[in-house]
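**Student:** Sequence:
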Amino acid sequence: MRMDTRALTTVRISSFEKRRSVQRKLGGLKRGRRLLAKCSRRERNRARKHVIEIARVIGSLAEVNGFEGLRPRRMLRRSRARNRGITRADWRSIAGRVEGAVEVPPRHTSDACSRCGWENRDLRGSAVLRCERCGLTMDRQLNAAINLHLRMEGVPHRRERWDENVLPSLVGGHPLTGAERRGPDELARGLYDAVKPKLYAYDRHADAYLRAPT
1 MRMDTRALTT
11 VRISSFEKRR
21 SVQRKLGGLK
31 RGRRLLAKCS
41 RRERNRARKH
51 VIEIARVIGS
61 LAEVNGFEGL
71 RPRRMLRRSR
81 ARNRGITRAD
91 WRSIAGRVEG
101 AVEVPPRHTS
111 DACSRCGWEN
121 RDLRGSAVLR
131 CERCGLTMDR
141 QLNAAINLHL
151 RMEGVPHRRE
161 RWDENVLPSL
171 VGGHPLTGAE
181 RRGPDELARG
191 LYDAVKPKLY
201 AYDRHADAYL
211 RAPT
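Here the numbering used here is used: position 76 in the sequence shown is 76, and no number is missing along the way.
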């Protein structure tokens, strides 16, 4: 599932700019410290509002939601812009407010084929995963979402199960809405819990499931 967190990011950016402006103009003055404290309180209140709203929407989609157990500090690199983007996303605060949230190990979710389990260790920043074992070609984010869904359910990689349960959900970019079990090996919930509708579609020219323009 992809959620729009631009409003939350905007709060972080605007507050950062205000604090930097106050620090430049007033420095260590008493008035400056009061303004900085005021900016911090306002940022916390506004950010909390958006976090609660995003968590409410996620919680309304399914009884159980899986989140990657990512650690932001381990993802920080030399790029300041990338580091700021990671810290402003604040997804751990969102996950902490979602009822029924399950933390799923993130290891190899984007580089392992969700259909057969083959791991591509040489992606080199590619946005598309191409499996050399079963031939699956898919957007890496979509592939990771499916892997997280399967891992949350405790379901191993099997081509037959993938073709029967996952493939019908991807055709045309419209996932299944039913969540009833038809057999003992079927997933308990539909793929809607992992992928937002119409964000991905099959490109017959590229013979791959890629992100659709929105």
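If you're looking for bench data, these hints aren't it; they were derived computationally from the structure. Yeah, the Cβ is synthetic: ideal placement off N, Cα and C, and Gly gets one too. Any given hint could be a false lead.
Claimed, not checked - Straight-line C-alpha distance at most 25 Å; calculated DSS-like pairs for lysine-lysine:
#, residue 1, residue 2
1, 38, 49
2, 18, 38
3, 49, 30
4, 30, 18
5, 18, 49
What the hints assert, rightly or not - Taking CB as the label site, the calculated pair distances span:
#, residue 1, residue 2, range
6, 160, 96, 31 to 39 Å
7, 126, 13, 40 to 48 Å
8, 133, 36, 23 to 31 Å
9, 49, 126, 33 to 41 Å
10, 24, 100, 26 to 34 Å
**Student:** If a hint holds in the structure, say so; if it doesn't, say that too.
**Tutor:** Now the hints, each set against the structure:
1. 38 <-> 49: 17 Å, holds
2. 18 <-> 38: Answer holds: residue 18 to residue 38 is near 11 Å, not above 25 Å.
3. 49 <-> 30: Roughly 29 Å separates the two Cα atoms, so the pair is violated.
4. 30 <-> 18: 17 Å, holds
5. 18 <-> 49: Given pair residue 18, residue 49 holds - Cα atoms ~19 Å apart, limit 25 Å.
6. 160 <-> 96: 31 to 39 Å: 37 Å, holds
7. 126 <-> 13: 40 to 48 Å: 29 Å, violated
8. 133 <-> 36: 23 to 31 Å: Violated - the Cβ-Cβ distance for residue 133 and residue 36, about 55 Å, lies outside 23 to 31 Å.
9. 49 <-> 126: 33 to 41 Å: 37 Å, holds
10. 24 <-> 100: 26 to 34 Å: About 45 Å separates the Cβ atoms of residue 24 and residue 100, which means 26 to 34 Å is violated.
The structure is inconsistent with the numbered hints 3, 7, 8 and 10, although it conforms to all the rest.
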